[in-house]
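Asks: Okay, here's what each chain looks like letter by letter:
2 protein chains.
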Amino acid sequence: MLAIAKPMRTVTGLSNPTVKYLRSLREKKHRRREGVFLAEGLRLLTDARESGRVPQMLAMAEGRDHHPLLDALIAAVEAEGGDVIEMSEAALSKISGKDNPQAVCGVFGEFDTSVERLERSASPIFLVAQALRDPGNLGTMLRTADAVGAGGLVLIDDCADPFSVEAVRASMGAIFTVPLAQARWDEFASWLHGGEGQLVAASLRDAVDYRGAPYAAPCFLMVGNESRGLPEEYEMACDLRVTIPMLGRADSLNAAVAGAVLAYEALAALRP
Amino acid sequence: MLAIAKPMRTVTGLSNPTVKYLRSLREKKHRRREGVFLAEGLRLLTDARESGRVPQMLAMAEGRDHHPLLDALIAAVEAEGGDVIEMSEAALSKISGKDNPQAVCGVFGEFDTSVERLERSASPIFLVAQALRDPGNLGTMLRTADAVGAGGLVLIDDCADPFSVEAVRASMGAIFTVPLAQARWDEFASWLHGGEGQLVAASLRDAVDYRGAPYAAPCFLMVGNESRGLPEEYEMACDLRVTIPMLGRADSLNAAVAGAVLAYEALAALRP
Numbered sequence: 001m002l003a004i005a006k007p008m009r010t011v012t013g014l015s016n017p018t019v020k021y022l023r024s025l026r027e028k029k030h031r032r033r034e035g036v037f038l039a040e041g042l043r044l045l046t047d048a049r050e051s052g053r054v055p056q057m058l059a060m061a062e063g064r065d066h067h068p069l070l071d072a073l074i075a076a077v078e079a080e081g082g083d084v085i086e087m088s089e090a091a092l093s094k095i096s097g098k099d100n101p102q103a104v105c106g107v108f109g110e111f112d113t114s115v116e117r118l119e120r121s122a123s124p125i126f127l128v129a130q131a132l133r134d135p136g137n138l139g140t141m142l143r144t145a146d147a148v149g150a151g152g153l154v155l156i157d158d159c160a161d162p163f164s165v166e167a168v169r170a171s172m173g174a175i176f177t178v179p180l181a182q183a184r185w186d187e188f189a190s191w192l193h194g195g196e197g198q199l200v201a202a203s204l205r206d207a208v209d210y211r212g213a214p215y216a217a218p219c220f221l222m223v224g225n226e227s228r229g230l231p232e233e234y235e236m237a238c239d240l241r242v243t244i245p246m247l248g249r250a251d252s253l254n255a256a257v258a259g260a261v262l263a264y265e266a267l268a269a270l271r272p
Numbered sequence: 001m002l003a004i005a006k007p008m009r010t011v012t013g014l015s016n017p018t019v020k021y022l023r024s025l026r027e028k029k030h031r032r033r034e035g036v037f038l039a040e041g042l043r044l045l046t047d048a049r050e051s052g053r054v055p056q057m058l059a060m061a062e063g064r065d066h067h068p069l070l071d072a073l074i075a076a077v078e079a080e081g082g083d084v085i086e087m088s089e090a091a092l093s094k095i096s097g098k099d100n101p102q103a104v105c106g107v108f109g110e111f112d113t114s115v116e117r118l119e120r121s122a123s124p125i126f127l128v129a130q131a132l133r134d135p136g137n138l139g140t141m142l143r144t145a146d147a148v149g150a151g152g153l154v155l156i157d158d159c160a161d162p163f164s165v166e167a168v169r170a171s172m173g174a175i176f177t178v179p180l181a182q183a184r185w186d187e188f189a190s191w192l193h194g195g196e197g198q199l200v201a202a203s204l205r206d207a208v209d210y211r212g213a214p215y216a217a218p219c220f221l222m223v224g225n226e227s228r229g230l231p232e233e234y235e236m237a238c239d240l241r242v243t244i245p246m247l248g249r250a251d252s253l254n255a256a257v258a259g260a261v262l263a264y265e266a267l268a269a270l271r272p
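Chains as they are written, first to last, in the UniProt record's numbering: chain V, 1 to 272; chain S, 1 to 272.
Keep in mind that the hints were calculated from the coordinates and are not lab data.
No experiment lies behind these values; they were computed from the predicted model shown.
Keep in mind that the hints are not guaranteed to be accurate.
Identical copies go unnamed one by one, so any copy, or any two together, can satisfy a pair.
In silico PhoX-like cross-links for lysine-lysine, where the CA-CA straight-line distance does not exceed 25 angstroms [said to hold, decoys possible]: (1) Lys29 - Lys94; (2) Lys98 - Lys28; (3) Lys29 - Lys98; (4) Lys20 - Lys94.
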């Protein structure tokens, strides 16, 4: 069945229902209720389109110059029967919460993030983050997961919302390309034990040097919360505990940095 | 000469000059004018104290419980003739810009960040960031520099302010332990050529794999701006250009992540 292209429409005023709806999506409860999330900027939306993800709704500043990537985006949204909406820069500012808003933003349907959707055979490497609280760190881990060709990022326990504007922005488009799973620890552990998979913790307890450690594919590399690290119980449930040398005063790295250092080490060991 | 301990004093009201002064230090122009910066939280201030850095002024919420680390901090400030000030939580909130402020914050004199203060023999590794705009990334690089025992972090061209509250927080105390230098490119290049030192760029141009590359101490590992990377001229001036494999859709890592992946690789090659 062919989708019917809707005509582009213009909304005016800051209290317009569409502007209010888009603005509300900055809050998690509204995203959850609607099952959608916001992504901002032509580059991010183009990454999405090239990955086969087209927004349900596209909002842009009125009177902007033509741009071939924007035209391609509009055409893709219209071809799938989505809404294309023009509004004032002031309205876009209200949505983005910034004085200089991106000239375009899109509303995407949230993805299914059940752990069962991960494919163990997709890659030798998966990243796992436990109780990661900072959306910037979360987005950065998605970006790293993309870079190492990971089969996915698994979010364990209460993490920041991967569909927040901040996490989506920090992912630099990886939100659209990296398989994402969300699960409680028990649920993840049970899924993991249902097949092949080595669980590796970044740890200080009873750990071997991360360099030259016996990584095995599919390798699930897990980092913990920014302040508390991983719960001891989780570390003890891992097949391998590895430690990254800390030569200075501090006893830990930024969580996203630790994940990346491990991921590139495991990649060197496991890349075919 | 023995410093005379001043008595602890209590300030009241949100428009008190001390509260206004502290609040003003969230802005770069006021920090520059006063030559000081703010650090928040007992843990950070204790890291500073243990590194031999004591605040000129210590502000804390009135009526908090005794804590041995806080007592040690107060004693250190008083021993150096600094101010210890109690105020309401509301006043601390105003200073920190947060609803739940840290119970304590301190004012420190800015450090001399001239590149001449770096010691090439201090470590086989130095980090260099060019036009790094995000204070969180900057603080994270300081933290990584501490972790790899780097001899310093050099900030080239217009970077975020390393003395901003955000950068200080993200550094997790490394602002107090890692030698920090700020310089224009020409100034840095001229200093570097005045002695031993290999300049290495994270690059896609004419680059070798970062793994197993011929790193040589003292090795200055340079990453570029978050959006634009390094200027081509800077890359071409490097002794070595290395590339980190990118297996996904994106063509770059987060700048602080790239710096850390390189730093740990160089560390493995150069650590005595």
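Asks: The structure should be examined with respect to each hint, and the outcome stated for every one.
Replies: Evaluated hints:
no.	hint	in the structure
1	Lys29 - Lys94	within (18 angstroms within a copy, 28 angstroms between copies)
2	Lys98 - Lys28	both (18 angstroms within a copy, 20 angstroms between copies)
3	Lys29 - Lys98	both (21 angstroms within a copy, 22 angstroms between copies)
4	Lys20 - Lys94	within (9 angstroms within a copy, 30 angstroms between copies)
Violation of the numbered hints given earlier is absent; every hint is satisfied by the structure.
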